[in-house]
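Protein sequence lines, in the order shown, are assigned to chains R and V. Sequential numbering of the first sequence, starting at 1, is according to our numbering. Sequential numbering of the second sequence, starting at 1001, is according to our numbering.
In case anyone wonders, no lab produced these hints; they're calculated from the structure. Idealized CB from N, CA, C, for every residue including glycine. The reader is advised that the hints may include incorrect statements.
If you want the ones that stay clear, here's a sample from chain R, every Cβ over 10 Å from chain V, calculated [stated by the list, open to error]: (1) Gly12; (2) Gly47; (3) Ala86; (4) Ala87; (5) Asp103; (6) Glu227; (7) Ala288; (8) Glu292.
Sample of chain V residues facing chain R (criterion: CB under 7 Å; computed from the structure) [what the hints assert, rightly or not]: (9) Leu1017; (10) Ser1065; (11) Tyr1070; (12) Gln1082; (13) Lys1086; (14) Phe1152; (15) Ala1153; (16) Gly1155; (17) Gln1156; (18) Gly1160; (19) Gly1200; (20) Ala1236.
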Amino acid sequence: MAGITVQRAGPGITLQDRGRAGYLAQGLSRGGAADLLALAEGAALLGQDDTCAAIEVAGSFVTLQVSDPVRIALTGAPMRARCDGAALAWNASHMLPAGATVDLAGSAGGYSYVHFGGGIDADVTLGARSAHLAAGLGRMLVDGDSLTTGPDNGTRVGQTFTPLPRFDGGTLRLVQTPQTRLFARAELARFQDTTFCKDARGNRMGQRLVCDGAGFGLDAGLNILSETIVPGDVQITGDGAPFVLLAECQTTGGYPRIGTVLPCDLPRLVQAPQGAALKFAFVDLEQAVALERAEGARRAGLRGGLRPMIRDPHDMADLLAYQLISGVTRGDDLERGT
Amino acid sequence: MTDMTDMTDMGDAEADLPSIKAIGVDGVLVSFGAQLSEAANRAALAFRAAIEAEDMPAVLETATSLTSTYVRFDLAGADHAQLRDKLAAMLGRRDWYQAPLPQGRRLWHVPAVFGTDLAPQLDDAAQLAGLSASDAITAICAQPLRVQTIGFAPGQPYLGELPPEWDIPRQTNLTPRVPEGALAVAIRQMVLFSVSTPTGWRHVGQTALRLFQPDRPDPFVLRPGDEVLFKPVTRAEYENIRQRDDAGGAVSEKLV
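Here chain V stands alone, though its shape is the one from the complex (with noise of 0.2 Å):
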């Protein structure tokens, strides 16, 4: 056993940032934000895509979370204080905080069902927001939520970020199985299951939408960066889509 007095101090949740810190034996994490930020989110996309374009022969991989950057590398072509030299070296060089949001961003238009027995969760979450059913209705589709990380589970976005009033917990108690395409809220954010799967968060939507098409050339339907604005539907309109439309009827078109 190693006594933990004598382990290399790995700082605080409060430390300066951005922070570079090992995860796992051969990754590193950049961390632009203990808290979620518009900014930190763009600093945290920026940095990714600045490594990848650097092309270093020792990382595998790359990869975002909502404030911070992974990158995992090979133990046999680099040690942790070479990359940690090089990370810092490239903080360095401006301030990732003003970083552009990524190139080549779309507006995503997605219809979805609210309420109903589809998504059974949408009058308990308007409540905890102080919402009629209706105004919450509203208030979800009135502005594209920007896709601020994939994650969790394959090709699957957390979404944000909706007004102060959403500021509403997870459940303690976990709904069993939400569907592939549920629209769940909590935390001023939104997910967009890609799989069925049991979760905290209040079904409030649900969508047509397959995040996650492995057989197709481009399997992951959304990118960090994209905006999707929310359409209401019916029921009827919905089980319509789902019937003709392997896209869920999302559309999209480009954002300059």
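Isolated chain R, as found in the complex (with noise of 0.2 Å):
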């Protein structure tokens, strides 16, 4: 276990962990990671439960100090991150040494996530660790916060993967709401033809979209009764852009749904940078079911994916200075590594 000091924090530091299902009744939303994939990919680097919390960056910059050795994971949207000054790979897992300092920065936007060996071992409330900033419960990290590891299992660093490709926009995938048969079939067609980004406006309760040309909108000003809504449902709201609801989203709306983005393409609309082109596209229900299923059956052999890293030659006193002396690689990662 170690202790985990908050040197300096930007906005939009948050513990995440998998959110709490089991509330929608009672108006909480699930919340939880805004890149669900990124949580996995931490859990399988560390080889450990994908329960564990981490920490959340949402373009922003993060510097830690840990108290005691300890293993990370670098997941998510790529930063800049550095040990004491010399450079950590993103998508791996290392070993710090007592004292270490972490610096995380120049995020091209999206969720970053920091994992630690044991996880983040914060109170648990409601069944979870993670922060719910529309229902207020927790908040953001700031300068001079301290946290602590739970107890550590593991032992292996230096491992690294090929993350699913989500980090440049590209599209996302939606099966049909109750009300996408109220929008014209013209305005589909233009839905699905027409080339998006994301509004600077955008957090954890949900993304704006923009377009060039006209938004989007029903025929008749239709009153909609206000039912359970879910995450990845694309509210057309009253200006015609489409707003995409996200972990922390309200569980109830009234606002016309073109469509809901399948639960496996959110990673790609959260990790989209400003700018990045986004489309959409309708695949029928059947299909969608199909596409989940491979994706959960993907999530789960993340570990079986994973890589020794191949260090760079002037990697090497990195190495040298934070694994071997940590004492806890095989032994033999430079054999292997080269």
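Since each chain sits alone in its own frame, please combine them into the complex, following the hints.
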């Protein structure tokens, strides 16, 4: 177990885990990591359960100091990561020596994650450690905060993998909602032909998208009775701009929803940098279920896709300082890595 | 891109009710009404209770909104066709619109300040309802309002139904922020806000009630089916309650 001191925190830094499922009937959305895939990737790198809490950095910066040797993994939107000045590879696991300072900066937007061996041992409220800012659960981390890691049963570090590409925009697949058919067919076609990008206004509750040309809407000012909504729902609000609901969304809503983004495609949305092109494409429900099941199976097998980091010769000093001296590598990393 | 003409016909808002429709990839919505009615609201609550009682292994979560029941299920353990068949069979078991209200309902007496700078839109809302401010307060406090659903924010009730003159629209422009405990009105309903939020509903009253208290064993104060009777208090009484009572002066009694 190790202490973590937050030396410097930009905005939007929170503890996140898989969130709180099961409170929809009480008006509390699940919340949890904006990019659940990145959470699973970090857990795979550290060989631990994906219920562990990690630090989520929303397009910001953070400096952390650890009191004791601790394993970390870095996933999600790539950042410039340094440990006491030496570069740390992204999408990889590392051993930090006691007293090390990790500095993360240079985010292009999206959500980045710092995972710790044993997870972060914060208080559990309603079954989770994650902050749900919209519900007033937890808060953003600030300078001077202290955290503690849980007991770490693993030892393996120096692992990496190739992440699912999702950091450059692309196509978001949707299924229909009960209101999709209320939109004119031509409007639905235009929706799928339009290139969108993220509005600067976006947070863990939802992301507004903007496009050139007219917004979208229903022919008649239909009054839709408020009903249950889910993350991924694409609301068409008064101004015609699509608003995609995310982890901390409200639980009911009365705006017409043109479609629902597949959960397996939400990481692509939340990780798209400002200005990246995003498009929508409807798939039928059977196809969506198959895609979702396949992604579930892929995530369950993430550990099988790990490989030892191949080290660049100029990183050797870093390797000697932080891997061998801390005594936790297999001892043959140099051989296996070259 | 999928040609929309090839897509499964999802029906429209006028389809026969109750209806079963997919929501997202792993959810189903059973709808009992395209408009709010007391019977459809009762049906949705009773149907949710029935699904919970079935204890189906593939069902991960259920919830209700005003007139519909939502079911989220495990894609690894079931598919849409199976769940739809099961729910259709359950719908056929009885006339859900005749179902009774949930068991264990309570009547809550909740002190509220109406008007003043704490709830600045009382006059505005009263005028839209064609009432004087004092008649508006009397009308709102004349009868218990039922919790039709909890939603939008944690523990937040939609209360109704007010008399027809309260069928007033939401504002076009949002109020940037109402505080926790704010009581707001539109479309014959009232919302009691559990978190500070922007809203299009008109802020007519202010309570000291904290509807979501995550650190308590029972974090959500109100349940669907409960009733709430507002009691007008002066600003001084309200401030006094707020200082001394974490429960906002609310007291409950069992309804039979």
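Taking the hints in turn, this is what the structure says about them:
no., hint, result
1, Gly12, "19 Å, holds"
2, Gly47, "23 Å, holds"
3, Ala86, "41 Å, holds"
4, Ala87, "39 Å, holds"
5, Asp103, "33 Å, holds"
6, Glu227, "4 Å, violated"
7, Ala288, "5 Å, violated"
8, Glu292, "5 Å, violated"
9, Leu1017, "12 Å, violated"
10, Ser1065, "4 Å, holds"
11, Tyr1070, "4 Å, holds"
12, Gln1082, "12 Å, violated"
13, Lys1086, "17 Å, violated"
14, Phe1152, "5 Å, holds"
15, Ala1153, "5 Å, holds"
16, Gly1155, "6 Å, holds"
17, Gln1156, "5 Å, holds"
18, Gly1160, "12 Å, violated"
19, Gly1200, "10 Å, violated"
20, Ala1236, "28 Å, violated"
Violated hints for the displayed structure, listed by number in ascending order: 6, 7, 8, 9, 12, 13, 18, 19, 20.
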